[in-house]
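Full structure from sequences and hints, please.
Quick note, the sequences are listed as chains V and L, same order.
Position in the first sequence (from 1) plus 26 gives the number in my numbering.
Position in the second sequence (from 1) plus 880 gives the number in my numbering.
Treat the hints with care, since some could be wrong.
[Unchecked claim] As a list, the in silico DSBU-like pairs of lysine-lysine whose alpha-carbon atoms are at most 30 Å apart:
# : chain 1 : residue 1 : chain 2 : residue 2
1 : V       : K247      : V       : K147
2 : L       : K999      : V       : K262
3 : L       : K999      : V       : K220
Honestly, the hints are just simulated from the structure, not real lab data.
Just so we're clear, the structure is a prediction, and the values are computed from it rather than from any experiment.
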Amino acid sequence: MDDFEFRKRGLANPNDSSDDFRSAAAADPQRAQWLQDLQALDARVHAAALSIEVPAGLAERLKAHASEQSAPAATGASVSALPMRSRYQRYYAMAASLVITLGVIMSSGLWTPRPSAADIKFHDDIIGHMYRETPRIENATADLSMEEINQVIEAAGGHLRDDERIKSAHIKFANDCNVVPSIKGAHIVLEGTKGSVSVIMIHNSPVSTEFDVNDPRFQGKIIPFGQGNLVILGEKEESLESYETLITETFEWVI
Amino acid sequence: MSDTPVLDDRRKKERYEALVDALYQDVYRYAYWICKNSALAEDLVQETFLRAWRSLDSLQNDKAAKAWLFTILRRENARLYERYRPELVDIEDQSIADSDENEPDQRMDRRLLHEAIGKLEKDYRDPLMLQVIGGFSGKEIAEILELNNNTVMTRLFRARGKLRQAFFPDSELTDDFSGDDTFDEQS
Chain V
27 MDDFEFRKRG LANPNDSSDD FRSAAAADPQ RAQWLQDLQA LDARVHAAAL
77 SIEVPAGLAE RLKAHASEQS APAATGASVS ALPMRSRYQR YYAMAASLVI
127 TLGVIMSSGL WTPRPSAADI KFHDDIIGHM YRETPRIENA TADLSMEEIN
177 QVIEAAGGHL RDDERIKSAH IKFANDCNVV PSIKGAHIVL EGTKGSVSVI
227 MIHNSPVSTE FDVNDPRFQG KIIPFGQGNL VILGEKEESL ESYETLITET
277 FEWVI
Chain L
881 MSDTPVLDDR RKKERYEALV DALYQDVYRY AYWICKNSAL AEDLVQETFL
931 RAWRSLDSLQ NDKAAKAWLF TILRRENARL YERYRPELVD IEDQSIADSD
981 ENEPDQRMDR RLLHEAIGKL EKDYRDPLML QVIGGFSGKE IAEILELNNN
1031 TVMTRLFRAR GKLRQAFFPD SELTDDFSGD DTFDEQS
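Here it is in structure tokens:
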């Protein structure tokens, strides 16, 4: 077995126990060491993959399915054997309960709309854009003028009002962005206290609800704003409220 | 003489509960690595076991239960989520079990590994997780993914190659097998 064959089989399965693979490893100390290192990495991968926390009480909830589904059998009838009318009545009763419950929740102000699939796609595109732009942003050192910043923002259909707070902020990066391929957006970056704070303005369909970004590195919000969206993102440790206030109070769409 | 419906149902329930106890953790973790989101993963597991309960009679051999459940889960994911929602780019930090037994270095190592696994393309991560979490052989993975064995072996090889590159970018251990025909792949 040549080295190429040995390594490709090792990478496909570091715990390959077939005789020819084990003999090939035993015959050459370098191969044995390579395999040992690979097995060590694999053990770490294994531990990491299995370290996902399983929600408490999940087994009980799954078993409850069976209890709920098999309950009619206690009277000697299976679910499918129930008379159709009875099954429909149950569905209507469930639907009615649902409508009433939703009505109570919505009228009580407890209703928080969830982002739609399109909103989540937009979120994922934003995060992908952030990771692609991060090297450029981290190297940015400019202190841009209002004219330079507004040139980029106006190309995206927006405008930053002349405001002392904006003027005193250190805006080190302003560029167009193509998060939504057919719509030119603007991406400006302010110097925050814990790193860069990105603001992205895109004149696309507003998301259905304001929602937080879900990412291991960045925190922030996607905010429906007029006929478009504002996205504010920073490092996890950054306090973003003041930036959100600053941008929402000084930015406007002009198209 | 055949058993009564009540007895049949009790046996079915016992069989189902044994299946849940034995496999729910692996099924959840695999679901998590498919969708990289704990809420979606739990929904997927619920749907998977609901379907499993309904068609439990079609499972002839309990030894095949894990592959059967993983296959149901993959189909449920495709049916419910995959076509409506692009894959999440990153995993959630809070999903990593934060055991007191783990040292900070160990926790950091897991976090980095989670990121590295999460960043693997789905085609590579999927067979790797089936091998690592499911303990399936190349042939079994090929059946679950409906691919041929060589394709699976190539994807496993590349998945580990990418992880090695992520962790040992400058090491002499880094392999450069960039050819497409590593295991005579046929899609």
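Hints versus structure:
For a cut-off of 30 Å, the pair hint linking V/K247 to V/K147 stands: about 14 Å separates their Cα positions. Our distance criterion of 30 Å between C-alpha atoms is met by L/K999 and V/K262, whose separation comes to about 20 Å. A hinted pair counts as satisfied when its Cα atoms are at most 30 Å apart, and L/K999 with V/K220 qualifies at roughly 25 Å.
Violated hints: none; the structure is consistent with every hint.
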